[in-house]
Structures are given as structure tokens and as C-alpha cells.
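Just so we're aligned, residue 1 is where the sequence shown starts under my numbering, counting upward by one.
Heads up, a few of these hints could be off.
Across the chosen pairs, the derived CB separations fall in these ranges [unchecked claim]:
id	residue 1	residue 2	range
1	111	37	19 to 29 angstroms
2	101	51	25 to 35 angstroms
3	51	103	30 to 40 angstroms
4	48	103	29 to 39 angstroms
5	19	51	26 to 36 angstroms
6	68	30	28 to 38 angstroms
7	111	8	16 to 26 angstroms
8	104	47	31 to 41 angstroms
9	104	48	29 to 39 angstroms
10	107	16	17 to 27 angstroms
11	104	44	17 to 27 angstroms
Don't read these hints as lab results, they were simulated from the structure. Virtual Cβ for every residue (Gly too), placed ideally from N, Cα, C.
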Amino acid sequence: MFGLVFANMLVILMIDEAGLRSMLAARLALAGADVVSMENVDAGRIARLTSQSPTLVADAAAAARHPGGIDALAADAAWRLVVIIGMEHAADGADHVHYVRADDPVASISALLRGAATTH
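Using the sequences and the accompanying hints, generate a full structural model.
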């Protein structure tokens, strides 16, 4: 995973569990991503960070707390990709929304982002 696989990719982490948040931030940063951690996300804060569409990685609890929940996050055109940790896949989910299991999210998220980096 080393090298600049995710160069010029902004990843917003909205993850409650400190250990998981730290591990993801470190792994993604080592791979070249710009990583920002936020308790809550909003369009104004994101627009001040970048003119590109960032990727959001959120755990199920943080996403559920967001106004409008996961549906609002998925409907927000600001996101290039939305990754939700620890929740079952929604049958009617949007193409840019992905769900990963909580038992090994780091490997799953890395693979998803590697695929996104090579297709955009």
C-alpha cells in the first residue's frame, strides 16, 4: 500500500471509534491521501477544503447522527464516494455508496479507494 496510490485524493473521516479513525488516517496518509477527520460534515466546510469531490468514510453511528442520516449523505452530490462501516448494504443504494463490514474495514476501504483512484 505504500507509495502515492491516493495522491491528490481528499478523504474525510467521520468515525467515532478513535482507534479505527487513527489507523485509517495513518494508512491512507502513507498511501498519499489527504485525510481530514470531522465530527460532523457540511457543504460549507467541505467547500473550504477543496474544489474537488472528496470521499467520505463514516461509521454507521456517525452517519446515523448526521441530519437526514445515511440517505442525506448518499444524496449529497459533494461526495465522490461514500463508504459506510458496519452496516448492511442497502438494496436501493446509489452506485457511489459502499458498505464495508466492521470486522476488517481498513483492507476493504483501501481496496475501494484504490479502485476509485484508478478509475477517476
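Whether the CB-CB distance between residue 111 and residue 8 falls inside 16 to 26 angstroms: holds (19 angstroms)
Hint check for residue 30 and residue 68 - Cβ pair distance inside 28 to 38 angstroms: Cβ of residue 68 to Cβ of residue 30: about 33 angstroms, so the range 28 to 38 angstroms holds.
19 to 29 angstroms as the expected CB spacing between residue 37 and residue 111, which holds or is violated: Hint holds: Cβ distance 21 angstroms, inside 19 to 29 angstroms.
Residue 44 and residue 104 - C-beta distance against the hinted 17 to 27 angstroms: Given range 17 to 27 angstroms: violated, Cβ gap about 34 angstroms.
Residue 103 and residue 48 - C-beta distance against the hinted 29 to 39 angstroms: holds (35 angstroms)
Distance restraint evaluation - residue 104, residue 47, Cβ atoms, bounds 31 to 41 angstroms: holds (33 angstroms)
Status of the given 25 to 35 angstroms range, CB of residue 51 versus CB of residue 101: The hinted range 25 to 35 angstroms holds for residue 101 and residue 51, with Cβ atoms some 33 angstroms apart.
17 to 27 angstroms as the expected CB spacing between residue 16 and residue 107, which holds or is violated: holds (20 angstroms)
Supplied distance hint 26 to 36 angstroms, evaluated on CB atoms of residue 19 and residue 51: Once the Cβ atoms are compared, 32 angstroms apart, the range 26 to 36 angstroms for residue 51 and residue 19 holds.
Consistency of beta-carbon spacing, residue 103 to residue 51, with hint 30 to 40 angstroms: holds (36 angstroms)
Residue 104 versus residue 48 beta-carbon gap, inside 29 to 39 angstroms or not: Check passed, 33 angstroms falls within 29 to 39 angstroms.
Violated hint for the displayed structure: number 11, the only one.
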